[in-house]
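In order, the protein sequence lines correspond to chains A and B.
Each residue of the first sequence is one higher than the one before, starting from 1 at the first, in the working numbering.
Each residue of the second sequence is one higher than the one before, starting from 1 at the first, in the working numbering.
Hints listed in this document are in silico derivations from the structure and should not be mistaken for laboratory results.
Treat the hints loosely; a few may be bogus.
[Unchecked claim] Residues of chain B clear of chain A, computed beta-carbon distances all greater than 12 Å:
1) D1
2) L33
3) G41
4) P44
5) E55
6) G56
7) P59
8) S60
9) T85
10) Q89
11) H90
12) V92
13) T97
14) G99
15) I106
[Stated by the list, open to error] With a Cα cut of at most 27 Å, we get these calculated DSS-like pairs of lysine-lysine:
16) B:K50 to A:K76
17) B:K45 to B:K107
18) B:K39 to B:K107
19) A:K76 to A:K43
20) A:K76 to B:K42
21) A:K65 to A:K76
22) B:K39 to B:K50
23) B:K107 to A:K65
24) B:K42 to A:K43
25) A:K43 to B:K50
26) A:K43 to B:K39
27) B:K107 to B:K50
Idealized CB from N, CA, C, for every residue including glycine.
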Amino acid sequence: EVQLLESGGGLVQPGGSLRLSCVASESTFSNYVMHWVRQAPGKGLEWVSVVNAIGAGISYADSVKGRFTISRDNSKNTLYLQMNSLRGEDTATYFCAKEGFSSGRAGGVHIWGEGTLVTVSS
Amino acid sequence: DIQMTQSPSTLSASVGDRVIITCRASQNIDNWLAWYQQKPGKAPKVLIQKASVLEGGVPSRYSGSGSGTEFTLTISSLQPDDFATYYCQHYVRYPITFGRGTRLEIK
Chain A
1 EVQLLESGGG LVQPGGSLRL SCVASESTFS NYVMHWVRQA PGKGLEWVSV
51 VNAIGAGISY ADSVKGRFTI SRDNSKNTLY LQMNSLRGED TATYFCAKEG
101 FSSGRAGGVH IWGEGTLVTV SS
Chain B
1 DIQMTQSPST LSASVGDRVI ITCRASQNID NWLAWYQQKP GKAPKVLIQK
51 ASVLEGGVPS RYSGSGSGTE FTLTISSLQP DDFATYYCQH YVRYPITFGR
101 GTRLEIK
C-alpha cells in the first residue's frame with residue numbers, strides 16, 4: 001500500500017506564500033488521482049483541491065481558488081500545493097490523500113498522509 | 001455547493017450500545033456518500049463508500065444506508081475503539097464537501 005508523506009508546513013505571515021509537498025512511496029503514484037484536504041485546529045475537514053493522474057483535471061474549493069495551485073511531478077512521485085496570499089483562515093493541517101473511489105465526476109480518498117501544519121500569523 | 005448536515009454533533013454512548021449518525025445532503029447525491037472516522041491527532045480513515053459499501057478491514061458492526069439526500073451510519077454494538085469523530089462526505093461532483101462531524105464520546 002502506498003504511503004504519503006507531506007512536508008513544507010510552517011509559520012508564515014498573512015499575505016505570504018508556502019509550497020507544500022507530498023511524496024509517495026511507490027512509482028504507481030503516476031496512476032493516482034490526488035487530493036489536498038485541510039483541517040483547521042479543532043475543526044472539521046475541508047476539501048481543498050484535486051488533480052488527476054496526468055495533471056490535467058484540476059478543481060479547487062472556492063475558498064482557495066485563485067490563491068492556491070495544485071500540481072504534480074510524476075517523475076518524482078510528488079504532489080504539490082502552492083499557496084499564495086495566505087490568510088489566517090488558511091491555518092490548518094494539510095493532508096494529501098489518494099483517491100480510492102469515484103462517482104465518475106468526483107472522488108473520495110482512502111489513503112492519507114500524516115499531514116503538515118500551516119500556521120498563518122503575524 | 002452541496003451542504004452536508006450531520007446530526008447529532010455530539011453523541012454520548014456506552015460500550016455495547018447501538019448508535020446511529022445521520023447525514024443529510026442539500027441536494028440529491030444518489031448514493032455517492034462516504035463515511036470517515038477520525039481519532040485525535042490522526043488522519044481520517046474511510047469506513048464506507050457508495051453509502052453502504054464497507055471498506056476492506058472495517059468491522060461488520062459498521063453499516064451505512066440511504067440514498068438521495070438522507071443517509072445513516074450505524075454502529076451495531078459500540079466497542080472501545082469506536083469512540084472518535086465521524087464525518088460524512090459527498091462525491092457526486094466538485095467541490096466535495098464534508099459534514100461538520102459527529103463526536104462519539106463515552107457516556
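Hints and how they fare:
{"no.": "1", "hint": "D1", "in the structure": "violated (7 Å)"}
{"no.": "2", "hint": "L33", "in the structure": "violated (9 Å)"}
{"no.": "3", "hint": "G41", "in the structure": "violated (9 Å)"}
{"no.": "4", "hint": "P44", "in the structure": "violated (6 Å)"}
{"no.": "5", "hint": "E55", "in the structure": "violated (7 Å)"}
{"no.": "6", "hint": "G56", "in the structure": "violated (9 Å)"}
{"no.": "7", "hint": "P59", "in the structure": "holds (17 Å)"}
{"no.": "8", "hint": "S60", "in the structure": "holds (18 Å)"}
{"no.": "9", "hint": "T85", "in the structure": "violated (8 Å)"}
{"no.": "10", "hint": "Q89", "in the structure": "violated (6 Å)"}
{"no.": "11", "hint": "H90", "in the structure": "violated (8 Å)"}
{"no.": "12", "hint": "V92", "in the structure": "violated (5 Å)"}
{"no.": "13", "hint": "T97", "in the structure": "violated (7 Å)"}
{"no.": "14", "hint": "G99", "in the structure": "violated (7 Å)"}
{"no.": "15", "hint": "I106", "in the structure": "holds (19 Å)"}
{"no.": "16", "hint": "B:K50 to A:K76", "in the structure": "violated (32 Å)"}
{"no.": "17", "hint": "B:K45 to B:K107", "in the structure": "holds (23 Å)"}
{"no.": "18", "hint": "B:K39 to B:K107", "in the structure": "holds (17 Å)"}
{"no.": "19", "hint": "A:K76 to A:K43", "in the structure": "violated (32 Å)"}
{"no.": "20", "hint": "A:K76 to B:K42", "in the structure": "holds (26 Å)"}
{"no.": "21", "hint": "A:K65 to A:K76", "in the structure": "holds (26 Å)"}
{"no.": "22", "hint": "B:K39 to B:K50", "in the structure": "holds (22 Å)"}
{"no.": "23", "hint": "B:K107 to A:K65", "in the structure": "violated (42 Å)"}
{"no.": "24", "hint": "B:K42 to A:K43", "in the structure": "holds (13 Å)"}
{"no.": "25", "hint": "A:K43 to B:K50", "in the structure": "holds (25 Å)"}
{"no.": "26", "hint": "A:K43 to B:K39", "in the structure": "holds (13 Å)"}
{"no.": "27", "hint": "B:K107 to B:K50", "in the structure": "violated (31 Å)"}
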